[in-house]
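4 protein chains.
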Amino acid sequence: MAEPRRMSEKVIALVAFGTVDPSCVQALEAFEMRVREKYRGVDTRWAYSSKTMRSRMAERGVAQPSPEMLFASLMDEGYKRAAVLCLHVVPGVEFHELRQNVQRFEGMRGGFEKIVVAMPLLSDHADMTRVADILLRKCEPKAPGEGSVFVGHGNARHASDAIYAAMNSLMMDRNPRMFVGTVSGHPAPEELIAELKNSGVRSVRLIPLMTVAGNHAKKDMAGDEPGSWKSVLAESGITSEAVFTGLVEDSEVASVWLDHLDRAFSRL
Amino acid sequence: MAEPRRMSEKVIALVAFGTVDPSCVQALEAFEMRVREKYRGVDTRWAYSSKTMRSRMAERGVAQPSPEMLFASLMDEGYKRAAVLCLHVVPGVEFHELRQNVQRFEGMRGGFEKIVVAMPLLSDHADMTRVADILLRKCEPKAPGEGSVFVGHGNARHASDAIYAAMNSLMMDRNPRMFVGTVSGHPAPEELIAELKNSGVRSVRLIPLMTVAGNHAKKDMAGDEPGSWKSVLAESGITSEAVFTGLVEDSEVASVWLDHLDRAFSRL
Amino acid sequence: MAEPRRMSEKVIALVAFGTVDPSCVQALEAFEMRVREKYRGVDTRWAYSSKTMRSRMAERGVAQPSPEMLFASLMDEGYKRAAVLCLHVVPGVEFHELRQNVQRFEGMRGGFEKIVVAMPLLSDHADMTRVADILLRKCEPKAPGEGSVFVGHGNARHASDAIYAAMNSLMMDRNPRMFVGTVSGHPAPEELIAELKNSGVRSVRLIPLMTVAGNHAKKDMAGDEPGSWKSVLAESGITSEAVFTGLVEDSEVASVWLDHLDRAFSRL
Amino acid sequence: MAEPRRMSEKVIALVAFGTVDPSCVQALEAFEMRVREKYRGVDTRWAYSSKTMRSRMAERGVAQPSPEMLFASLMDEGYKRAAVLCLHVVPGVEFHELRQNVQRFEGMRGGFEKIVVAMPLLSDHADMTRVADILLRKCEPKAPGEGSVFVGHGNARHASDAIYAAMNSLMMDRNPRMFVGTVSGHPAPEELIAELKNSGVRSVRLIPLMTVAGNHAKKDMAGDEPGSWKSVLAESGITSEAVFTGLVEDSEVASVWLDHLDRAFSRL
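Chains as they are written, first to last, in my numbering: chain S, -18 to 249; chain H, -18 to 249; chain U, -18 to 249; chain L, -18 to 249.
Errors might be hidden in some of the hints.
Since the list gives no way to pick out one identical chain from another, each pair is judged satisfied if it fits inside one copy or across any two copies.
When the alpha-carbon atoms are kept at most 20 Å apart in a straight line, the in silico PhoX-like pairs for lysine-lysine are as follows [what the hints assert, rightly or not]:
| id | residue 1 | residue 2 |
| --- | --- | --- |
| 1 | 178 | 123 |
| 2 | 61 | 32 |
| 3 | 32 | 123 |
| 4 | -9 | 61 |
| 5 | 199 | 178 |
| 6 | 61 | 95 |
| 7 | 61 | 199 |
| 8 | 19 | 199 |
| 9 | -9 | 19 |
| 10 | 19 | 32 |
| 11 | -9 | 199 |
| 12 | 200 | 123 |
| 13 | 123 | 95 |
| 14 | 123 | -9 |
| 15 | 61 | 200 |
These aren't lab readings, by the way, just hints derived from the structure by calculation. These numbers come from a predicted model, not from an experiment.
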C-alpha cells in the first residue's frame, strides 16, 4: 500500500458469519465500538466467514473479505501480531476451520509473527454458567404458564452441538420453565415439547441464542413455515412470541466475548 | 530399517491414553484384534498420548512411542498412508492436540502422502444416541430404587465437556434412573444428587464411561477418598457398587469406534 | 463473489517482482498471452512479490495483489487447484519465501486441494545450458574486440548467487568474449575486468539477464552513476552500449519458463 | 521417559548423511566434540538423513534415527528449543527436505517452541571465498606440472549444483592449477580436462570436497572403474593421487560450520 494505514503492529480481527440485515450490522458495529474503546490505538478489522453472506453483502455493494483475504491484506499492510475474535456462539465447524486457516498465516515470510485466536462465546463450563446466569436474570418468565426458549443454531453433525443440550440442563436447573434448543441440531423443538408441557408452560418467548437475530431467528425460530419452533410449538398448543435481539446486543453477554479477547490479546 | 516390516503402504495407528493396568492392556489388545480381523493385510500400531503413562509403561519395561515417535518411525519404514484411530471418548484437548501434531506428518518430504484421523467415540449426535441406546440395553436398572451412573473423565475447561451433560439428558430421557457424570468436569457428583434423589434412587451402579477402567475408575469414581463419586453419593445416603469394564471392552461400543475408523479409512 | 468469474477449478498464478515501466508491463502481458494460448480454458492471474513495487503500482492507480492476497482471493472464488509460475531468474530468497507462503494455502479448509509451484528460469544444469545456448545464438559478439556481458540481479547473501558464476563459466566456454555478471552479487563488475581484458574485449554490449529490463538494467547496469557496470567498465577503458530487453521478451527463453509451467501443471 | 536425560531445554541436533566407514564416524565424533566444548551444558544429538545409510548402520548394530525420529524423541524428552546443524556441503535437495520436515516440529502441541536450522557449509559468497582461501592455503600445488582438484558430490538436477562451478571459478582465480569438480553434477571430469591441460597440469591431487571421505571419495573420485575422476584423468594422460580426508576433519573448514551454528543458536 502507498501509505500504511496501520496505527500499530498489532491488529484485532473480528470475524462474524456475515449479515445483510441492517439491525444486525448495527449490532456488530456497536460491538466493534466497545472493542475500540477498550483497545485504543489498536486497529480493528472485520472478516466474514460465510461465503454466501459475503456474496449477498457484495450484491448490496458492500464487498467484505473472507478471513483469509483479511489476513493476506493485513500482512501486506505490515501488521505483525493479530488477535482474532470469533463472534460465534460455540466452537463448531466454522470456528475450527477458521482457526486452522488463520493459523496458517502465522510465520509466513514477511508476515505475522504471532496470531492468537480467542474462543467463541460458550467454550467451557465457566462460560456456560456465566451466560446462563445472565439469561436467567434478563429473561426469567414471570407468570406460571409462561416459559422462555433460547434458540441456537446447532449442528447435529458436530460435537459442539452438545453445548446446547448442556445449556438446556443449566437453564432448566435455574428455572424449570427456561429451555435451550436449536434450529439445526439438538435439542430440536420436538425434543423439548414433553418438558415444556411437564412444566405447565402454555406460552413461550422465543429468544435467539445467536450472535445476531438474522434469518435463522426470523424463519427457523419465529417463522410460520412448518418445522419452525413457532409452528411446532403451536401444533402442541403452545403459543409463542419472538424476541429479535442477538446475543451481541446484550452488553453483559458481549462482555464474555470481550473477556475472551482480553485473554487472547494478553498472549500477543 | 534393514528389512521393511511393512505389509502394505497403508497403516492403521491406534492411539490410546496409555495404561499399565494388565486388564486394560488386555482390553486394548482385544480391540486391536478386531481391527486386524477387519483390515487383513494392513499393519496396525499403537501409540500412547500421555507422557506420564509412557513413563510408567517404560518403568515396567514396555517402552511405547508417543504419537509423534510412532509417525516418525512409520515414515522411516516407508508407509505412505495412515488412518489414525483415537480411542478417546470425546474430542477434547488430547484429541485436538493429537490431530494437529499428527497432521504435521502429512506431506513431509519422503513421508506420508495422506493421513486421516478418525473421530473419538462421541463426536456427533448420532454417536451419542447410538451409545446411549447401547448403554440403556445393557445397564438398565431393574428394581425401582436402583440407578446407574456412567462416569466419564470430563474437563471443565474444554467445550467437549458439554458432551457429558448432553449424554446425561439422553440417558435420563431413556430411563429417569440412568445418569451420566464426570470426575473432572460436569456433571460433577454434587450436581446430580438432587436428580438422583428425585428419581427415588437409593443404590446405584457406577459404570465407567471411559475407554478403559483404569485409575480414574478405581479412584475418582469408586475410591474411598473424599470427593470420589462413591464418597459423595454415600454422604447423601446413596449406596454404590462399581463395575470395572471400560467402553472398549463392550463389543457394541467398540463397533462405534470401528465405524469411525471405516469412515476415515475409506478416505485414505 | 456474487458471480463466479472462474472458468474452471484450475488456475495459473503468474508471479513477478512487479514493475511500473510500461514496456516491462507489456512484456509481462505478452508472456501471459502465450500462457493463455497454451492453457485455453484455464484462468490466469498475476501477483507481484515486491511490496515496494506494489506500492508504486498502486500510486499509479493499478492496485495489484501480493501472492498471499491473490491466493486468498482465488480461494474465495472457489478455485481448487493452482499452478504457480514464478518469473524469477534464479531460485533465490524471493522464490523460496513465495513458495513457502503459497504452500500454506494448500489444504486450507474450503480452499485449495493442490498447489504446485514451477521453478524459476535457471533451476538446474539443463536450464542453464539451454539458456546459455540461446544467448550464444542470439548475442554472440561478431568483431574480435567486441564482447557481451549478461547482467543479472544477484544476491551475495544467498546460495543461488552461484548460478551467475556458473553461467559465466558456461558462457565463457561457449565464447571467451561472453560473460555473466550481477549488480548485487557475484561476479561483480570488478571481478570480470581481468577476464574481459585477457580476451581482448574493448567494447561490450550490456544485456540484462533479468526477467524485465527495469530499474536495475537502467541504473545499475547501464546508468552513469559510479559502480554501475557501464561506469566500472569505462574506468578500465572498455566502452559499452546497453540493450533493454528482458529475458521474458525472448520467445525461446520464455519457452523455458513455459516448460517449467508444463511440468508443474502436469502434476496438478 | 522415566528420567529426563536432558541437561537443558535447548538441544543441538547434528545431521549428517550417514556413514559406516570407521574413519568417517571418527571424524564426525571429533566434530561433535568441538560443538560440545563450545556449548557446554547443551545436549547434542545425531540424526542421519540417508535411509540407505541408516539401514547399513543398523545392519552393523548401530541403529540411528532419521531427523524426524530424532525430533519426535527430543520432543518426548521435553526439549523446547533446538538448533539444527546440517553437515551438508551445499543447500541441496537433502538440506531443503530436511529443513522443511524439521520445521514441522516447531509449534507442535507439547513440543518445540522454536527450531532454528543452520546453513550448510557453502551457503553464500562469503562462505565460498572463506573456504576457497582455506583450501588455497592448505592444498596449493607446489611444482609447475602439479594441480589440485577438489571433488564434491554435486547434483545436476538441483540449482545448488552451481555452487561447485562457482567454487571452481574462485579456486582458479586463486591459483590456475586448482579446480573444483563433482561426481554427480557439474563440472564433470570431462568438463575440466581442457582447463587442466591448458594450465599444464600433468599430475593432480584429488581431494574430497565432501563432509567425510566415504564411498563417493573412494569410488567415484579415486576408484579404478570407468568414469571415476581418476580414470577420466588417466585417459587424458593426467596421473592422480587421492587424499582421503573429509572437510569436517579440517579444523578451519569445520569452523565455518560452527560459525553457522553460532548464528543459528543465537536466534534460539
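A quick look at each hint next to the structure:
1. 178 with 123: This pair counts as within: shortest intra-copy Cα distance 17 Å, inter-copy 28 Å.
2. 61 with 32: between (26 Å within a copy, 15 Å between copies)
3. 32 with 123: neither (41 Å within a copy, 53 Å between copies)
4. -9 with 61: Classified as within; 6 Å inside a copy, 26 Å across copies.
5. 199 with 178: neither (24 Å within a copy, 41 Å between copies)
6. 61 with 95: both (7 Å within a copy, 18 Å between copies)
7. 61 with 199: neither (40 Å within a copy, 34 Å between copies)
8. 19 with 199: neither (32 Å within a copy, 49 Å between copies)
9. -9 with 19: Within. Shortest intra-copy distance 14 Å satisfies the 20 Å Cα cut-off; inter-copy 38 Å does not.
10. 19 with 32: Neither: 30 Å inside a copy, 32 Å across copies.
11. -9 with 199: neither (37 Å within a copy, 39 Å between copies)
12. 200 with 123: neither (26 Å within a copy, 45 Å between copies)
13. 123 with 95: neither (49 Å within a copy, 57 Å between copies)
14. 123 with -9: neither (47 Å within a copy, 60 Å between copies)
15. 61 with 200: neither (42 Å within a copy, 33 Å between copies)
In terms of the numbered hints stated before, the structure departs from hints 3, 5, 7, 8, 10, 11, 12, 13, 14 and 15, listed from lowest to highest.
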